[in-house]
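Engineer: So you can see what is in the structure, the chains are spelled out below.
There are 2 protein chains.
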Amino acid sequence: MSVMQEISSNVKNMKQLEYSLLAKWTKQIKEELRQGVKKPYKDVIDVSWGDPHRAGVKPLTFVRQVLAACLYPQLMDSDKLPVDVRQRAQRLLGKCAGGSVGSYTETPGIPNIVQRVSEFITRRDGGVPSNPKNIYISPGSQWALVNILNVLVNPEVSPRTGVLAPVPCHATTILSIMRQGAAVIPYYLSEEHGWALQVEELHRALELAKGVCSPVALYVINPGNPSGLVQSKKSMQDVIQFVSEKRLFLLADEVYQDCVFGENTKFVSYKRVLAEMGPPLSETVELASFHSASKGFMGECGLRGGYVELVNLDPAVMKCIYSLFSSDTCAPVLGQIALDLMTHPPQQGDPSYPLYHQEREQIRATVSQNVKKACEVLNSLPGFSCQPVEGGAFAFPRVYLPPKAVQKAKEEGMQPDTFYCIRLLEEAGVLTSPGYEYGQKEGTYHIRFCIMTHQEVMDELLRRLSNFHPKFMKDFS
Amino acid sequence: MSVMQEISSNVKNMKQLEYSLLAKWTKQIKEELRQGVKKPYKDVIDVSWGDPHRAGVKPLTFVRQVLAACLYPQLMDSDKLPVDVRQRAQRLLGKCAGGSVGSYTETPGIPNIVQRVSEFITRRDGGVPSNPKNIYISPGSQWALVNILNVLVNPEVSPRTGVLAPVPCHATTILSIMRQGAAVIPYYLSEEHGWALQVEELHRALELAKGVCSPVALYVINPGNPSGLVQSKKSMQDVIQFVSEKRLFLLADEVYQDCVFGENTKFVSYKRVLAEMGPPLSETVELASFHSASKGFMGECGLRGGYVELVNLDPAVMKCIYSLFSSDTCAPVLGQIALDLMTHPPQQGDPSYPLYHQEREQIRATVSQNVKKACEVLNSLPGFSCQPVEGGAFAFPRVYLPPKAVQKAKEEGMQPDTFYCIRLLEEAGVLTSPGYEYGQKEGTYHIRFCIMTHQEVMDELLRRLSNFHPKFMKDFS
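Chains as they are written, first to last, in the numbering used here: chain A, 29 to 505; chain B, 29 to 505.
For the record, the hints were derived by calculation from the structure and aren't laboratory data.
Any given hint might turn out to be false.
Calculated lysine-lysine pairs in the DSSO-like style (CA-CA distance at most 27 Å, straight line) [to be verified]:
id, chain 1, residue 1, chain 2, residue 2
1, B, K347, A, K161
2, A, K67, B, K123
3, B, K108, A, K108
4, A, K55, B, K161
5, B, K70, A, K86
6, B, K502, A, K52
7, A, K70, B, K123
8, B, K123, A, K161
9, B, K58, A, K347
10, B, K499, A, K123
11, B, K108, B, K66
12, A, K58, B, K123
13, A, K123, B, K86
14, A, K52, B, K70
15, B, K161, B, K347
16, A, K52, B, K123
17, A, K261, A, K70
18, B, K70, A, K123
19, B, K52, A, K347
20, A, K347, B, K55
21, A, K469, A, K502
22, B, K70, B, K499
Note that the structure is predicted; figures quoted are calculated from it, not measured.
Chain A with its partners taken away, still in its complex shape:
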C-alpha cells in the first residue's frame, strides 16, 4: 500500500533542489576535517544561505536582551540589563495573554505589535496611512506569501493559474508557487543593465503565457535576491501601470528594504509609489507587501517573524485570508516581538542607543565594504563579471565557464554551475550556490553568495576564490 499514486501532481513535480547535493558534500568535508584529514583549508565557509549569523555577523545586543528578559522575566529584577530593555520587555509581556510569551496570540499577531508595525510603515512611507487591520504577522514572510498564494491560485480552473516571477529568483518562492498548483511565468531581469526589471519583458512574458495559463499575479522582489538590484521609482511606476492594465495582483517582496548599499540608491516601497501615483491606481491596484525580521541588520532568521500588509483588497478576500491564517494558530511570539524591536529600535537618548547604534553601523559598514571588495575582486578575475550590488544580501556574479568544464559537468550528470560550486567547495572550502537554482538565461552560469558576513570571513572567501578560480579555468582551458 502506498499513497504515492494519490499524490497531487503539484507536489510530485516540485523541483528537488540540487542544493542537497552540495549540502551532503559539505557535511562529509566537515566530518573529514573534524577527523583531521588534511585539506588546503581548515574550515568550510558557508555563504550559501542568506543567513548573517551563520556567516559570523553578531546579533544585536538590545534585541537579544529584550527577548531574554521576555522569556525569563526574573532578569528584570537585576539592574544588569539597561532600563530601556527592562521597560520594553515589561511592556511587551503586558501585551501577552497571561503575561507569558508561551501563550497563543490573536491570529494576525499581538494587536499592539501589529499596531506598531503599522506605525512603522506609515513613518517609512512618509505618512501614507497604514491600517493595522491589513497586517498579518507570520512565521517568516515566505509563509505569509504561501497563504496569499493559496487565495490567489485556484487549483480547479483550466487553464491553470499563472504567476509571473523573475529570472533569477530565489528558489523558495518558485517552489511555493508550484506547490499551489500554479504555473510560473518567467520574466527575465536584464543582467547587462544591472538586472533591471524592464516592462517590455513583462509584456513579452505575459504574451507567451496566453492560452497556456491564466495569469493572476506578478511577483517582484526589491531589493533583489539574488540579483542585488534596487528598483528605481520609474521602474516601479511602470510595474504598477502594467499590473493595473493587465488586472494582476502585485506581490511585492520587500524583505531586504533595510539592506541598501549603493551610493545614491534608496529603497522606496511599492505602497508609497502606488499612493503617490494617485487615483484611480492608488485605490484599485491590489498589493501585498512582505517584510521580515530575518533580513536586514538584525538577521534573526531563526526566530521566524515576518509580516504582510495588504492594500486595496476586497473585504470578502480579506475574510478568506483571515481564515487561512487562523488555521495555523499564530506566529511564534518571539518572532512577533522581534518585529516590535525591528520597527521600534532604541532612539537617541535611550540607554541602549549608543551600543545599538555602534553595532548597527558596524554591520552596515562591514557589508558595504564586503560588497565593494567582492565586486572589485570578481570583476578583476578573468571569467567573472559581477553587476553592481545595490542591495539585498547576495552577490550573483556571472561565471564564463570554459566549454571543457561544461562538457565535464554534463558527463558527470550535473549542471555546469553546480559542477563549479562543487569544485570550489572541495578545493577551496567555500560553499556557494549555483545559478541554476535561481534560473538564468540559457547558456549563462552564475554563483550566489551571501555578502552579509563578518569582514574576515569575506576577506578569506575572496582570497580562496581568487586562488581557486584561475586554477579551475586553466584546468579546463
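Starting from the structure of chain A, add chain B where the hints point.
Structural biologist: For chain B alone, coordinates are given in the frame of chain A:
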C-alpha cells in the same frame, strides 16, 4: 478589479469560526471593565483556548532559563543560572550554525535535536526503534499536519479526496482538511461511552462516503480534544486493523500524550501498538504521529514547536514531504530547542531537577484536582452532564438547553450553545467555547473549557458557572 472570482472554492468555503463573535464580545467587556463599568465580576476568565499560560499556569523555570541563555549567551558567564542550564545552553548553541539561534536550520530541524527526539520516542515506546530520518520538526504540530495533508489530498481527482475525522474534533484540523480541498468524512465518538471511538462507527461513516468522495486517511486524536478520552489499546488495535483493511493512511494526533489524568489510564502511542501487532501490519500501515511543545506541562504554545514522525512511507512520498517542508525554510529555533528540553528534561541528580520536579508535580496535581472538581461540579448541576476527562486539556460537558433557550438563540440567529456561551460570558465573565465549533450530534449542545489552569482560576470558574447556570435554566424554563 478583484481576485474574488478567482478564489478557489476550498478557500471560499472555509468555515468562519463563530469564535470571533465571542472574541469581539470579550474585547468589549474587558474594555468596559478597564473603564470602570460595574459588572458582577472583576475580570474575564478565558478558558476558551488550550493555553495553560493564559490560564495562569507558570512556565517551567528550567525551560525558560535555557532559552534565555541561548538567546543571550552572556548570561552563561554568571553563576546565577544552574550549571546544568548553562551546559545545556552551551551544548545547544554548539548545534546552531554560527553559534546563534538566529540562524536558519536544516529543513527537518537541527540534526542533533531531531536525533534526541527520536531517542525520546524509542524510550517512550519501550524500545520500538525510531529513525531520525522520519522526523520533521515544524512550527507546531498543526502545521506539520497541513503539510502531510498536502501530500495526501489530491485536488485534481474526482470524486474528491476524503479524510475521516471525529465528531467532536477541534476546529483547526477540520479547517486544515477543508483548506486542502478534501471532504471531511465525520465519524461520531460515542458520548454515552465516555466518547469512545467505536470501529463500527468508522465502517458506517466510510460506507456513507461511498461515491461522494475518495477516502485516503483517518485522523484520530488521542488523548482527545475536546473529548478528553484516552483510547484503550484494544480500540487502537481495531483502528489499525480498519485502516489496513481499507487502505487508509493513519494520522495520529498525539499532542496530549503527557496529559493523562485518569486513574489506571495510560497513554500508548499508535506506533507502539502498531509495532506490537507485528507483520504484516507493522510493516505496511502508513502512519504519521504528531507531538508538540505547546501541550503537556510545558505549555509553550507561543514558541511554536512540534514534530511529526512518519512510519512505513514510500521513499518517493518521503521525498515529496521533504520538498514541502523545505519550501517553508525551517521551524523556529527556540521551538526546536523547546522540543529538546521536553524530550530530555533534567534528571535526578541534576542541579535543576528538584525545582523542575516540584513545578511539574504541582502542575500535574493541580490539573488532576481541576478535572476532579470540574466533573463533580458539572455533574451536580441539573442540565449538565460530563463524561470522565481521562486526558487532554479540556472538559466538554453536555448542556441540556431548555427549548425556550434554543428558540431564543434561533431568533438571535446563533447556535444554541453559542448563545449559552455568550450569556455565560456576559453575566459571569467566563469565556468558554460552544460545542457547535467542534461538531456534535444534532440536537445536543456542549461547551468546552481548558482544565489546565491555575487552581484558583478553576475554583473561581466553577463558582461562577454554578451561580450562572441555575439562573440561566430558570430564565428559560
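Engineer: Run every hint past the structure and note whether it holds.
Structural biologist: Each hint, compared with the structure:
{"no.": "1", "hint": "B/K347 <-> A/K161", "in the structure": "violated (39 Å)"}
{"no.": "2", "hint": "A/K67 <-> B/K123", "in the structure": "holds (23 Å)"}
{"no.": "3", "hint": "B/K108 <-> A/K108", "in the structure": "holds (12 Å)"}
{"no.": "4", "hint": "A/K55 <-> B/K161", "in the structure": "holds (16 Å)"}
{"no.": "5", "hint": "B/K70 <-> A/K86", "in the structure": "violated (46 Å)"}
{"no.": "6", "hint": "B/K502 <-> A/K52", "in the structure": "violated (70 Å)"}
{"no.": "7", "hint": "A/K70 <-> B/K123", "in the structure": "holds (19 Å)"}
{"no.": "8", "hint": "B/K123 <-> A/K161", "in the structure": "violated (39 Å)"}
{"no.": "9", "hint": "B/K58 <-> A/K347", "in the structure": "holds (25 Å)"}
{"no.": "10", "hint": "B/K499 <-> A/K123", "in the structure": "violated (35 Å)"}
{"no.": "11", "hint": "B/K108 <-> B/K66", "in the structure": "violated (45 Å)"}
{"no.": "12", "hint": "A/K58 <-> B/K123", "in the structure": "holds (14 Å)"}
{"no.": "13", "hint": "A/K123 <-> B/K86", "in the structure": "holds (17 Å)"}
{"no.": "14", "hint": "A/K52 <-> B/K70", "in the structure": "violated (60 Å)"}
{"no.": "15", "hint": "B/K161 <-> B/K347", "in the structure": "holds (11 Å)"}
{"no.": "16", "hint": "A/K52 <-> B/K123", "in the structure": "holds (17 Å)"}
{"no.": "17", "hint": "A/K261 <-> A/K70", "in the structure": "violated (46 Å)"}
{"no.": "18", "hint": "B/K70 <-> A/K123", "in the structure": "holds (19 Å)"}
{"no.": "19", "hint": "B/K52 <-> A/K347", "in the structure": "holds (15 Å)"}
{"no.": "20", "hint": "A/K347 <-> B/K55", "in the structure": "holds (19 Å)"}
{"no.": "21", "hint": "A/K469 <-> A/K502", "in the structure": "holds (25 Å)"}
{"no.": "22", "hint": "B/K70 <-> B/K499", "in the structure": "holds (20 Å)"}
Hint violations for this structure: numbers 1, 5, 6, 8, 10, 11, 14, 17, all remaining hints satisfied.
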